[in-house]
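Could you put together the complete structure from these sequences and hints?
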Amino acid sequence: MTLELKSIKKSLGAFDLPGLDLTVNEGEYLVLVGPSGVGKTVLLEIIAGLMPPDAGRISWRGNDVTRHPPEHRGFGIMYQDYALFPHMTVIENIVYGLRAKNVSKTEARLRAEATARELDILPLLERMPPTLSGGEQQRVALARALVVTPDLLLLDEPLSAVDVRLSRRLRGELKRVQEELGTTFVHVTHDVREALMLGHRVGVMLDGRLRQIDTPAKLFREPSDREVARFLGMQNIFAAQQQEDGFCEADGVRIHVGRRENGYRHVWIRPEEIILSRDSFESSARNQFRCSVVDWDYQDVLVNLRVAVGDMTLNVLLTYASFEKLDVAPGAELHATFKSSSVHCF
Amino acid sequence: MMRSSRPSPFHLVFFLLGALMLLFVVAPLVRITLDTSTSELADAIHDSELWGSIAMTLRAAGIATLISVLFGIPLAYLLAHHRFPGRSLVLGIIDIPIMIPHSAAGLALLTVIGRYSLAQKAARPLGIEFVGEEAGIAVAMAFVSVPFLVNAAREGFESVPVRLEKVARTLGATPARVFVTISLPLAWRAIVSGMVLMWARGISEFGAVIIIAYHPMATPVLVFQRFNDYGLPYARVAAVILILVCVVGFGVLRFLSRPAQRETG
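Protein chains in written order, with our numbering: chain D, 1 to 346; chain A, 347 to 611.
Derived from the structure by calculation, the hints contain no laboratory data. Built from N, CA and C at the ideal position, the CB exists for glycine as well. A portion of the hints provided could be inaccurate.
Facing chain D, according to a computed beta carbon distance under 10 Å, are these residues of chain A, among others [claimed, not checked]:
#, residue
1, Arg509
2, Leu517
3, Ala519
4, Pro531
5, Leu532
6, Trp534
7, Val538
8, Arg604
Next comes the structure, spelled out in structure tokens:
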């Protein structure tokens, strides 16, 4: 492990970090995701040494750095608004850290140009930051942070200030740079998709607490609780009562889930694994219910259809083709079918 | 179509009130200048007492400003950057010189820079005398005008995004380096405009100056003395020349410190 936070506490106005433990591994891309205003920026600033924690310990490669000033930690930070120095040209921005570390002018220039080439911003070197587009500013900020070869780069919502298309491209850029350099990245965002696409591990922060930290796949396979699952955007989560016979009861509906080893209190029925049909049919799937169509909306390449099974409302994801073939109207009677293995219990 | 081209009654009323406000400021200045004949002005060219006084006044106010920069900027920076207990008290204290009568300020100053004061005893070996001397005038000017500098500089520092300074720290810069390379350059325009304001306010100081030193005569004192001894026409020329010097001087300074038009690549 590289970076270790031990029961970090911080109260700041309405924000409260009641004691956070976090371990970041060398070379890892860790993304912390949580709703806006849970103090993710504060956490980054505490790690960077820009703000002292009220209590707790930060160690780096085994050394306690809690009281070290930021200039001695060697952690870079990149803010959402990029915080480029507006009175300096792009090249002056990039060499800033090298000059602060007493690297000679000529060497600083050479290293800055190498980094600029890497990030494809060579033509911008003499420009002033306010004249750059959002994407260009982001690259400059990244270059400025990376040219000093930080051990750890902290990224504060780096993609939220640009439009969707650009954000997608920059996401790829960040992933590539991190892989190539092997620098440890700690990235905070409110965007679940961004977190899942970038993070080797993703930590879910709710109410100032790190509720779960796992690989994206594991987060979806085994969310620690209902709130985490909700935050990750998982639909069809129901409080459930486990029964002896391999069934459980959720919202008055008896669902077959098979034998589960552990006690569970929630079920998650994967929306993409539910089959809708006009007529009932025989299959190996143990769960089949009569249902009626409530409404639907369009999500990217899929249609999200809501159907009522008694008191339970199920979300079902369909392709456009299936949706058209089904040709339904609100209130239409259908059958919803899913396997026991499509139900995740936790 | 909206009748957007016709001003609303609201705008007309505000325009009228605003214009009267402006007239109130401009009218006395224009009138006193127009009342002064060119021959009077021509004669004043050879008035060495007046020019000597103006030179001394500009110099004393300039020195007061430059020395205050040395102490005022650190104070302004601390006030902008730190939320410490008693901060608002300090902010209040800084503004006191603006709010108290300046003759009273002069008397108060006299108690700390008077002939037998500690400050005077400390300054004497350096050849500096306060009472009745230019150094004392500069002190009086500094006292009443330094709030303009400190407040302007503080606002300048406050307008620098904290994140710029934070990023600079993470890039390896010490707090001193951050101050010199980030905070100071970005607050510089505000500081310069505070200096100009302080200088102007120092030049025009009468109350505190006259208590510390009637002679050598600062120009506002000179104008008063001539008005008292010889009446309006004689005092008016001196007043007009001081006004012209200030208006032209500060016009030039304003022009020089206007926002730089940097290349937009």
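Each hint tested on the structure:
Given hint, Arg509(A) at the interface with chain D, holds; its Cβ is 4 Å from that chain's nearest Cβ, closer than 10 Å. Nearest Cβ of chain D to the Cβ of Leu517(A): about 3 Å, under the 10 Å cut. The hint holds. Interface restraint check: Ala519(A) against chain D, minimum CB-CB distance 4 Å, threshold 10 Å, status holds. With a least beta-carbon distance of about 5 Å to chain D, the hint placing Pro531(A) at the interface is held under the 10 Å criterion.
Interface hint at Leu532(A): satisfied, since its Cβ lies 6 Å from the closest Cβ of chain D, which is below the 10 Å cut-off. The interface hint given for Trp534(A) holds, since its Cβ lies 9 Å from the closest Cβ of chain D, which is under the 10 Å cut-off. The closest approach between the C-beta of Val538(A) and any C-beta of chain D is roughly 14 Å, which is over the 10 Å cut-off, so the hint fails. Among the interface hints, the one on Arg604(A) is violated; its C-beta lies about 16 Å from the nearest C-beta in chain D, farther than the 10 Å criterion.
In summary, the structure is inconsistent with hints 7, 8 from the numbered list given earlier, while agreeing with the others.
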